[in-house]
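Protein sequences appear in the order of chains A and B.
Numbering-wise, the first sequence is residues 1377 to 1878 according to my numbering.
Numbering-wise, the second sequence is residues 1130 to 1467 according to my numbering.
Take these hints with a grain of salt, some might be off.
[Stated by the list, open to error] Listed below are several chain A residues computed to face chain B (Cβ distance under 10 Å; list not exhaustive):
(1) Gln1679
(2) Pro1681
(3) Thr1700
(4) Met1709
(5) Thr1716
(6) Ile1720
(7) Pro1721
(8) Asn1728
(9) Pro1732
(10) Phe1733
(11) Gly1735
(12) Lys1745
[What the hints assert, rightly or not] Distance condition first, Cα-Cα at most 30 Å in a straight line; then the derived DSSO-like pairs of lysine-lysine:
(13) Lys1134(B) to Lys1745(A)
(14) Lys1246(B) to Lys1683(A)
(15) Lys1820(A) to Lys1747(A)
(16) Lys1134(B) to Lys1712(A)
(17) Lys1820(A) to Lys1712(A)
(18) Lys1712(A) to Lys1683(A)
(19) Lys1134(B) to Lys1683(A)
(20) Lys1762(A) to Lys1134(B)
(21) Lys1712(A) to Lys1244(B)
(22) Lys1712(A) to Lys1747(A)
(23) Lys1762(A) to Lys1820(A)
I should point out that these hints are in silico values taken from the structure, not numbers from a laboratory.
We put the CB at the ideal spot given by N, CA and C, even for glycine.
So the chains spell out like this:
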Amino acid sequence: MKACEIRGLEKSFGRNHVLRGIDLDLSAGEVVVLMGANGAGKSTLVKILCGFQGANGGSIQLEGQPFQPLDAADAISRGVVTVHQSIDDGVIPDLDVATNLMLNRLTEQGAGLLVRDRALRVAARKVADNMGLDLDVRARVADLSVADRQMIAIARAMAYEPKVLILDEPTSSLSASEADRLFALLDRLRDQGVAILYISHRMSDIRRIADRIVCMRDGRISGVFDQAPLDYDGAVTAMLGHKMTDVDIDVVSGGPAILEVDQVRLDGGDTPVSFTAHDGEVVAITGLLGSGKSQLADMIFGQRPVKSGQLRLDGRPYAPRSATHAVAAGVFMSSKDRSTNAVIPAFDIANNMTLPFLGSFSRLSLLSKRKQRGAANDMIRQIGVKCQSDYDGIGTLSGGNQQKVMIGRWLLEDSRVLLLDEPFQGVDIGARRDIGRHIRATAKGRATLVFAAELDEALEIADRIIVLHEGAVVGTHSNSNIDLDVLIAQVSGAKDARIQAN
Amino acid sequence: MTNEKILNFAIRFGFLILLMGLVLYFSLSASGFASPRSAAFILQSVAITGILALGVTCTLVVDGFDLSIGSVATTSLMLSAYAMVILEMSAFSAVMLCLLMGAVVGLINGLLIVKFKVPDLLATLGMMFLLIGLQRIPTQGNSIATGMKLPDGSVAEGAFSQAFLWLGRHRFDLVVERLVPVPVVIFLITAFAIWVFLELTRHGRLMYAIGSNERAAALVGANVNRYKIAAYMISGVTASIGGILLAARLGRGDIASGNNLLLDSVAAALIGFAVLGAARPNAFGTAVGALFVGILLQGLTMMNAPYYTQDFVKGAVLVIALVFTFYLSAKRGAGGKT
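So here's chain B without its partners, still in its complex pose (with noise of 0.2 Å):
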């Protein structure tokens, strides 16, 4: 009986005590690791990554996988600076635009995977080539910059509105000056968004209902085709949001940018999973799954492990947290709880 208590205190709190102690341990041997200039910049570099992973979350909820959020947010990041560089459209506007794209790049996955009925991880992978190819062809694989040059040898008279970039660099006040960026802001609010759509409404109920057994929902009058069109299009939108913070930040649509940040965003949402012994994909989970990586990766960072280790880190922290969630939550047996 203890036993069985220690494995299942171990599944439900056994990540977030290794988080806390990773904390504190990196606040003892890294000076300066403890101050909010630290907090705010771990947030800073999973913001937008972390808002990706709220999307893929809701793909992963419905038992699907949305392979095209890193493309998403680099075509938002590319035509939203079209969009005001060339088209010399505004702020709002560009804004507008790219969460439209996501939006109906969403739908078109999810009519791909719900309608053509071609399996989630090929649809969606798929649309990837298909964007990463797409958002080349308007500026025939240049980046755009304000003022650059355009194929017909005029110079491009639209720029980055001072508006679109408060979005990836204005800093509000807490405790210090010029604290928090926005987009960690955002990410904060999108995830509470789809914490509270996915736990406490019914229609989150009910898309969990369908990833553990679609035929079930589909029986008890659920509409599943529009529950899973509606996971990608969150996706989709989500993805977008991403690309515009991008964009906002680097103050131009560079083509090269964004590329680590589909399996950034995948990992997060899957060691996610570990968190609070969930064993499903969660709103909560995915956030701190973030959260953890940029702390880990800061962390070394300030004791001076260099770069290139990263991705083996970040490794490591998926593979870590996918056995807390599989086999741990295995050895506990089939007591799902919701």
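If we strip away everything but chain A, and leave its shape as in the complex, we get (with noise of 0.2 Å):
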């Protein structure tokens, strides 16, 4: 039975198509993974669906009847629930289990002007046991794991009786234990007959719970797999596409070493991490969340401390303990998530690029606006930046032009390890490759390196790839006819992979 039909579903922003002509079906008792890289218009897809953004052109049917819901709450009451990405969206952590299973009801209309507490407390236990949770209903959800957050995010999702329950990479901040658990959760919901959509793109995920497998590529689907067994590896180059090999990489090799990582150990790694990265030498990191990249790139930049093992940089070892004593030894890094870390909302394009370097435009702490604002056009033209001038707000670019603004930052001043943390998150194809280009153009006298989940994103950028896995190192390629099977079977986990690779 088909529970939510999408028929040539269009979404564009300005003259950016994002979605152009989605058909899906979704059926009841059925698990569809929708797999895509950045920017393919999943997220896009789940805000339609889920009631953020209206669509631009094609049709919803919600068991036959057309479906166009006015904002989330709507969605709600239809019967397509979403559980977002980001838990903590979906649970109020200073409230216990009870109040949170329990929350719609109270803001249901003729819901008793008085909360008996015991009442709500058995109904929440009655919640709790239908979905199999064994859970204290009076603990604070603030103390418990992640994973049971989100449990009870999906828990009182599933108390508005959902037909369609959506999922956005659900799994990216849970454990592999803690990830079974949910699993075994959505087993259950499957039998009870309710059409679940599932976002991910990590190959564990789906190969556990996938029955059907859907792939987007630049807004549309690139791929349809539904035949048993699925057809894994077809997946994932359907949500790649072909474009990857677009971009020629003249691989180097590098001059003298820069920045030697020695033996370090990361949290939940069984075996030290060791590389180096050399003058010149543009070296992605990549790997799932919870591989120990950001880790990594966290210790580099002074966020954590070394517990075990050593960097050097150039040659002497090298211990920063916070972001300041890592720019002075001239080690920049652009964040990843970049509203949280990077971007300042008040100021606009100039001050937010010339940010860490004011010292340098500036005599005896008076700012020099003529020096600060030349080497900001200066720097908007080199990265092309889309703006009126220099003058604008930083929230009135697009992603894409925001992360040019922030990594045009770093270039303002030579630095001797540049690390850039997702550089590519929230941006464009275009924006993508010039960034991309223009990294590349400017790698000499430095080593660059890359934190990148995604692998096409690494493959665009690098002369090196190295695979993290759970901690240790599992794989290292030079970015030249790389066998793209036994790069996605590393990234992965894949037992034999690793054994191949050693």
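Hey, can you piece these two chains together into the complex? The hints should help.
Following this line, the structure appears as structure tokens:
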């Protein structure tokens, strides 16, 4: 039975066509996995389904009825429930489990004025039991593990008796055993006849849960796989397309060693990590969430102590204690999640860009507007920021252009090591190419480390790709004629791949 | 397009035009309003509030808040009186002692917030309470005046020195003889200095960055903790300057004076958000905000409005200014400019 039929769905933001005619069916009691690289349009599709945004064209039918949710509440009441990637949007950490599970009960019209805690707890326990959750309903949600919080968000979603349940990268902050619990829960829901749309590009999840795989690329469906056994490799190819071979990389082996990572132990890793980054070389560090990429980046930028092992910069021991020390030593980092970690929303382009190096643009602490604006304008031109002038507020730019400003920030002065943590997060393909080209063109004189979870991003920019899995290096590849199957297997942590690489 | 231009113009200059309109109105309807003496009086009435407001502006810039400024000022008032009347210190040492006290209080506020992670409102509220109590302990709750009787029965030997009283009472000649009081000059100098610091130096720019996105500022290598502590120290020092000037004007350590300082100066800083459409704390706006309140109160007083309407008028101005800032600027959209 078809729970949801999507036909010819289109959505554009200005001239940017994000969805170009999506056809997708969801059936009751089936888990459809939706795969797609950054910018493929997955999240836009989800936003339309859960009522955050309207479509520009096409139709959605829910059990035969036309479905055009006015807002999130409307979508939920019609039976389309979404569990978003960021878990804490779904729960209220300071309240107990019972209240969290029963929250929708409190907002119902005709709910009594007084909250009867005992009745609430009894009802909550029933909900928890139905879901197979073994939790103390009096516990404060803030004290629970991430997985438990996620379960609660899902359990509450189930209270609406959804016809369609959408999960947006639900395992991105879960450990393997926590993820197993989530899958057990999803199995149960599938058996109850819920249509589940599961968004992920984590191969291990997909292997475990998928009944059907749908791949998206550049706003279109690029592949549907429903023949058992599912063709996972085909799905990955459909997701990435052949685009990654579009960018030709002249692999540089690099000059003298600049940054040496020597026997550094990451949390959750059995074997310490060692590698060397050379002058002029762009090294991509790739791996799933929780593989230790971010940890490593944080250590090199002084955000996290190196407990065991050593970092060396130009042959000398390097142990930064803060971002200030790292920057002073010539190690710059463009952080991931630019809106929380990089953008100053109150500032214009020039002030955002020049922020780390205000000292160079001032005399006796007095800022020279001319120098500051001049440097910013040069960089705007070099990296190709699309804007009216350097006085534009940073919030007026698109994600890709904001990211260009954030990366341009760290190219204003010469660095020894440039760390780019997820530099292509929320960046459209055009801006991504611009940034990649500029990073490669300026790579001489420093070592560049790019931390990227998406393989195609790594393939587009790097001379060398290092694969991390669970805190250990499982593969190193020079970026020419890489065997993609081996690479993908290493990223997803298949045991045989690890042996092959060694 | 024209609508948008009008809106932009209203946001940018609306408040200043309102200010000029008020001045014009009072000049025409209240005789004697448009005179150098009246101008000096207005300035004098807002000088101390204005100095405190400039300090609190610095804490607002780093997205903090200093509730302790009023009590720092009164502590400084009592401390200077105590130092001169009872400890018989010189004017210079008394002033230095007060400034040091302000800096130390600011440092403690900053450390409470930065190191002990106490939320800013709570930390400075606690400090406010503590200081209100502390300033009464040495004198057992009494005010301090020259020749006062001490608890042990003797009479205090010290006195407010002339040099100290000069700070509060001397008037410089300008156009008219003995026109501009010293506190006004200090207010203008402080306003200029804070303006230069916040708008033109890299430190000021980094403080604004911290206020807008603290984590991002930390990740470009700014020493966030140090800047935050500095903001509270500036606030403490300016508040103690305010207290010194108040003591010099009163000529006694009056336990009951300075009650309104906190609310008035916070109001001035918040009104300042609306000036020139800044929509953020800024030194120029704060100074204009303080002046605005002063002009309005002086004008109304000269038109025989009773004194008890003053707080109501201040409140009304504040609410209007906040609407200017938040409603109109939000309409303009997210195009932050620095």
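- Item | Violated hints, by number in ascending order, as checked against the structure | Violated hints: 2, 16, 19; rest satisfied.
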